[in-house]
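With the hints as your guide, set chain G onto chain B.
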Amino acid sequence: GAGVSQSPSNKVTEKGKDVELRCDPISGHTALYWYRQRLGQGLEFLIYFQGNSAPDKSGLPSDRFSAERTGESVSTLTIQRTQQEDSAVYLCASRGGSFLVETQYFGPGTRLLVL
Amino acid sequence: QKEVEQNSGPLSVPEGAIASLNCTYSDRGSQSFFWYRQYSGKSPELIMFIYSNGDKEDGRFTAQLNKASQYVSLLIRDSQPSDSATYLCAVKSATGNQFYFGTGTSLTVIP
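Heads up: the sequence lines are chains B and G, in that order.
Quick note: my numbering has the first sequence finishing at residue 115, numbered continuously throughout.
Quick note: my numbering has the second sequence finishing at residue 1111, numbered continuously throughout.
So here's chain B without its partners, still in its complex pose:
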């Protein structure tokens, strides 16, 4: 596609439920990032995928958070047993294949509200 897409655009869930967020990166982009942005805050790094390398999970806030990516395509971020503090916008970004190309292109985000 022309840009990074994310689904759903909005998600309302009840505390304790699991949610799955999806990201479709720009075709050909080998690097993919997930960020969390709480209201009025900056972007908080969650996880990074690069090709078939092991992901950098150092930003995941707890073991309730996990993410997968199949090759260089779609990624899913799963939050288990959601808590109210998980309410935020979850942004996905992809980056070009060359290590010299460091510009990230962001998707529109998924706005998650945990009641």
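The hints are simulated quantities; they were obtained by calculation from the structure and are not laboratory data.
By construction, the Cβ of each residue, glycine as well, lies at the ideal position given by its N, Cα and C atoms.
Treat the hints with caution; some may be incorrect.
Said to hold, decoys possible - Some chain G residues near chain B, calculated using beta-carbon distances under 10 angstroms:
1) GLN1006
2) TYR1036
3) TYR1071
4) ASN1097
5) GLY1104
Unchecked claim - The calculated label-pair distances, taken between Cβ atoms and stated as ranges, are:
6) G:ASN1053 with B:PRO8: 24 to 30 angstroms
7) G:GLY1016 with B:ARG111: 33 to 39 angstroms
8) B:LYS17 with G:PRO1111: 30 to 36 angstroms
9) B:ASP18 with G:LYS1002: 30 to 36 angstroms
Quick look at chain G alone, frame taken from chain B:
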């Protein structure tokens, strides 16, 4: 200490004035620096990146980098109301693939 620090603002400037946005970072080894603009309710979009000390100009935007002072700035000349947004400074980790973002500076350009 946060990896990247910005004044949260809000910063208000009159239309046509120069807006100056500042950012400091803690990782002395960082080599890549980025400015993103984020309109309310939208995702960030890249304005400029800078790798070398000094100034880099692109239209009305100038990024300035001083690695010795660990300081990055963004100047917006001839500010327009459409420049009203939150500006995020981002720094790429020297040792990994993480990008550290500041909390952003809210800019309002008053017509």
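A quick look at each hint next to the structure:
1. GLN1006: 8 angstroms, holds
2. TYR1036: With a minimum Cβ separation of about 8 angstroms from chain B (threshold 10 angstroms), the hint on TYR1036 of chain G holds.
3. TYR1071: With Cβ-Cβ at 18 angstroms, over 10 angstroms, it is violated.
4. ASN1097: With Cβ-Cβ at 5 angstroms, under 10 angstroms, it holds.
5. GLY1104: Since the shortest Cβ distance to chain B is 6 angstroms, the answer is holds.
6. G:ASN1053 with B:PRO8: 24 to 30 angstroms: Cβ of ASN1053 of chain G to Cβ of PRO8 of chain B: about 44 angstroms, so the range 24 to 30 angstroms is violated.
7. G:GLY1016 with B:ARG111: 33 to 39 angstroms: Check passed, 35 angstroms falls within 33 to 39 angstroms.
8. B:LYS17 with G:PRO1111: 30 to 36 angstroms: Since LYS17 of chain B and PRO1111 of chain G have Cβ atoms about 46 angstroms apart, the given range 30 to 36 angstroms is violated.
9. B:ASP18 with G:LYS1002: 30 to 36 angstroms: 31 angstroms, holds
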